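Participant: Here is how the chains run, residue by residue.
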Amino acid sequence: MENAFLVSLSHLSSLKREMDVIANNLANVNTDSFKSENVLFKEFVSPGTEGEGKIPEISFVLDYGLVRNLSVGALVQTGSPLDVANSGEGYFAVQYKDQTAYTRNGNFHLSNKGELVTADGYPVLNAEMKPIIIPSGSELPDIASDGTISGPGLPNQKFGVFAFEDQQTLQKIGNNLLLTDQQSSPVAKGKITLVQGSLETSNVQPVAEITRMIEVMRKYQSASQLTENEDELTRKAIDQLSRIR
Amino acid sequence: MKSLNIASTGMLAQQLNVEVISNNIANMNTTGFKRQRAEFQDLLYQSLERVGSNSSDAGTIVPSGVQVGSGVKTGSVYRIIEQGNVISTGNPYDVAIQGRGFFRVQLPSGEQSYTRAGSLAISAEGQLVTPEGFVVGPGVSIPAEASEVTINKQGQVQAKLPGQVESQTVGQLELAIFFNEAGLEAKGSNLFSETPSSGAAQVSTPGALGYGTVLQGFVETSNVNPVSEITALITAQRAYEMNSKVITASDEMLSTTTNLRR
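Keeping their order, the protein sequence lines are chains Y and G. Residue numbers for the first sequence follow this note's numbering, beginning at 9 and rising by one. Residue numbers for the second sequence follow this note's numbering, beginning at 38 and rising by one.
Derived from the structure by calculation, the hints contain no laboratory data. Treat the hints with caution; some may be incorrect.
[Stated by the list, open to error] Derived coverage of chain Y by chain G (criterion: at least 3 residues anywhere in the stretch with Cβ under 8 Å from a Cβ of chain G; other residues may be distant):
no., stretch
1, 28 to 40
2, 67 to 78
3, 114 to 127
4, 224 to 236
In this text, all values refer to a predicted model and were calculated from it rather than measured experimentally. Positions of the beta carbon are idealized from the N, C-alpha and C atoms, including for glycine.
Looking at chain Y on its own, in the form it has when it is part of the complex:
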């Protein structure tokens, strides 16, 4: 008899999870290069038992994964010569502690050693996986759309832009960085489209998120209604069946 409780419990807890994901999308509505996420649900069928005290099959709901919306966000012009938006596919490579992390956020700065770094100070890597250096005394660089960094007195180097077979499994670690143990492959030369002085904005669609939020809230209310009805039923059963005449 508690099955109805458990079914609605599975529904309630997955809705809560979905709400967390929506809240995270909306919190990151102004985070550069953020990719919105959506929860995937599936039916989980608990097998029934045969014979005496037969329990039928019961289906629960299970949130089994998140899917990332990988569309490119709109570009916004910032005017900073070290902001580089990637309007095509691929990720920039970043030296993150002793491993390589990837990011689409091209908000770069110069360190006191002349290295190109992310906002957290992790060096940005070029196509040869070496840190990009802008030596002192040189003008700020020009960045061509294919990633070539040029300017008077600058060594010849290119931004490293890498692609992955499966972008969904790149693991987000915060700070707009992604980690993976997948093998990366450089994006073909003709396919890199970088834009200097711009950044890729978040691809969260506020209207869609707010609509989903309302939907989740209402679904939560109706699912809790089921629990309430079940509670009422149990209460009545106890009340009436135990009445001794």
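Dock chain G against the given chain Y, drawing on the hints supplied.
Facilitator: Coordinates of chain G only, in the frame set by chain Y:
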């Protein structure tokens, strides 16, 4: 409920965003002001189901896992070093910098400070000073009897002295550049000071390779673009509002839970 906290990080971030934007707008007419921009980053993710974990003993792999983020944080508020417009003032001691570089300013405490606001003046001792009266490095003294002070592109200060036909060089302005200009610390009054992240100042004359040139009779305006600031303000305000709606919705869900048992 997690979504309550997530939405509150969103509101805090947007609040800071509005603060940065309002400071830009307030300094729209400040000489040599460089606009700032808040950059946000996503917060740590909680892996509820690991990416790449096995979903059965047959070796099938979870395609994407469940990673729930915990909101947003401010990554940095960085200064956009973009040349402002130069406008003519006609004042011979207004000097705009075109290109990279900062004037060195000697603070009364003995510290060095740097500025791009070149609205200079002459002190009682004849020295070239900032509007606050701080000496501009390396120190240029203009004799009281001098007339027709000119400052050329390379920063040479020349003046006509009585009894002489040709202009005499009375001083030389210098510019300082940094590896990372965005890493300078703003001290207010248009002054900046060196930090470990900016790197050490490298001083040379204007016009040297990698240094800007100076322009007499002009000042550099701020590089704030009112249209883009107002657009950013609208976006920030709406984002703030949306995050507050998430809090309302989460609250309603919580109250639904509470009212389950009457």
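Participant: Decide, hint by hint, whether the structure agrees.
Facilitator: We went through each hint and held it up to the structure:
Counting residues of the stretch 28 to 40 of chain Y whose beta carbon lies closer than 8 Å to any beta carbon of chain G gives 12, which meets the minimum of three for the stated coverage. Counting residues of the stretch 67 to 78 of chain Y whose beta-carbon sits less than 8 Å from any beta-carbon of chain G gives 6, enough to reach three: the coverage restraint holds. Only residues whose C-beta sits within less than 8 Å of a C-beta in chain G count toward coverage, and the stretch 114 to 127 of chain Y has 8 of them, enough to reach three; the restraint holds. For the stretch 224 to 236 of chain Y, the proposed coverage by chain G is satisfied: 7 residues have a C-beta within less than 8 Å of a C-beta in that chain, meeting the threshold of three.
The structure meets every hint from the earlier list without exception.
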